[in-house]
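Participant: Residues -22 to -1, 1 to 379 in mature numbering (1 follows the signal peptide of the UniProt record, and there is no 0) are what the sequence shown lists, from first letter to last.
No lab work stands behind these hints: they were computed from the structure.
Note that the Cβ used here is the ideal one computed from N, Cα and C, for glycine as well.
Hints are supplied without guarantee of correctness; some may be wrong.
[What the hints assert, rightly or not] Derived lysine-lysine pairs resembling PhoX-like cross-links, with alpha carbons at most 20 Å apart:
#, residue 1, residue 2
1, Lys169, Lys216
2, Lys196, Lys48
3, Lys295, Lys216
[Unchecked claim] Label-pair restraints from in silico Cβ distances:
#, residue 1, residue 2, range
4, Glu272, Glu228, 29 to 35 Å
5, Lys196, Ala50, 38 to 44 Å
6, Gly291, Ser88, 47 to 53 Å
7, Asp46, Pro316, 33 to 39 Å
8, Asp257, Gly291, 21 to 27 Å
9, Arg135, Ser185, 32 to 38 Å
10, Pro307, Arg135, 37 to 43 Å
11, Gly317, Gly87, 20 to 26 Å
12, Glu272, Ala226, 45 to 51 Å
13, Thr52, Glu286, 30 to 36 Å
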Amino acid sequence: MRTKVLLLAALTAVLLAQPVLAGTKQKEPETTLEGRAIYPAELRGQGSQPAPNPFPDQPVGGYSALLDAKGADTYLAMPDNGYGSKANSPDFILRVDRVRVDYETARGGSGEVEVLDYVRLRDPDEKIPFPIVDENGSGQRLLTGSDFDPESMRVARDGTWWFGDEFGPFLLHTDSTGRVLEAPIPLPGVKAPEDPTRPGQPVNLRSSSGFEGVAISKDRRYLYPSLERSLNGEDIRKHHIYEFDLRAGEYTDERWTYRADLPIPPEQEHVIGDMTALDANRLLVIERDFLQGERAQFEKVFVVDLRETDAEGFLVKREVVDLLDVRDPGLISLPGRPGDYGLGDPFEFPYVTTESVLPLGGQRLAIVNDNNFGSVGGRNPSLPDYTDFIVVRAEALRGGV
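Go ahead and model the full structure; you've got the sequences and the hints to work with.
Facilitator: Spelled out as structure tokens, the structure:
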């Protein structure tokens, strides 16, 4: 009798243990493509002046910032300085577009993007203390891609606009009509090679490495500008995040440090592509390498909590999206052009200039690339990159991640 009892007890223990053992094997959170829309690189219509015109109309180009606007799937979308450098962008007028995106989804949608209207940035009150391209051309002192390289945009509580620039790096402040309200605000102790105010001052930042991402706190009291790359002489994995008090109009003493993953190979450092608030304490960060197309190895979205640092003082980051491994079970990314890479299931977003992420609520994120008008090789090795809007559902955003 005792033997039977022992056997029964042993069998019961095994049966009770099985669900526990099975439960230890958790399914990895997936990211799924829910919507996609593109417009071609050749789309134009913004007008091109005052510098010499290589095109009859300014190309719409790609976007480095994406913000909510009134209306379903309607955004404020901001191009950067246009063609990729200070030298080749004197005829690209800085602006903010209002766009409506009709995403193609499993339930339909055209997959097309419409530019509804736009606002040009200008300095008629001569707040900018250094020469600009349009000093005496248009009469409006329109700002161009040789004056500033805006890579991020936020709307303050009073409705004014703030831009993060790479050339200074500067914070640029305008009203909602694009009119500059004050002199560009430099980052104390940091100078980029393109900074027009730097003669006689040492440069400690590499070219095109200034404010790539600028988040704004949920109460819209603080900006959190972040440098795209490390300061000269520092660990290339170290990225500084600063705090700017919009009420006081100055930087605070608060600082954070974000540590990028170790790149492979080591000389291919990672950069911050964008940074935006997820809630009162957490930020979404795009971290990517300098590779594209089939060569791209790393393009991810992380969450960091400004209250949480590790033993070395770096923000603790948690991966929520791998943009090189996105499920597309409905195959909404197909068909593509001959030679297009990364379409189908799995879907990839293999651009070297993924620079905008916007939380849409729940687990949904909108992401768009900057196509650096004329850039080739992100989606297709022989065709110009189009501007690629996607909406993804990231299961890793569920709960307290």
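Participant: Take the hints in turn and mark each one as holding or not.
Facilitator: To see whether the hints hold, each was checked on the structure:
no.: 1; hint: Lys169 <-> Lys216; result: 17 Å, holds
no.: 2; hint: Lys196 <-> Lys48; result: 18 Å, holds
no.: 3; hint: Lys295 <-> Lys216; result: 13 Å, holds
no.: 4; hint: Glu272 <-> Glu228: 29 to 35 Å; result: 46 Å, violated
no.: 5; hint: Lys196 <-> Ala50: 38 to 44 Å; result: 22 Å, violated
no.: 6; hint: Gly291 <-> Ser88: 47 to 53 Å; result: 48 Å, holds
no.: 7; hint: Asp46 <-> Pro316: 33 to 39 Å; result: 36 Å, holds
no.: 8; hint: Asp257 <-> Gly291: 21 to 27 Å; result: 23 Å, holds
no.: 9; hint: Arg135 <-> Ser185: 32 to 38 Å; result: 34 Å, holds
no.: 10; hint: Pro307 <-> Arg135: 37 to 43 Å; result: 41 Å, holds
no.: 11; hint: Gly317 <-> Gly87: 20 to 26 Å; result: 25 Å, holds
no.: 12; hint: Glu272 <-> Ala226: 45 to 51 Å; result: 48 Å, holds
no.: 13; hint: Thr52 <-> Glu286: 30 to 36 Å; result: 34 Å, holds
The earlier numbered hints that this structure contradicts are 4 and 5.
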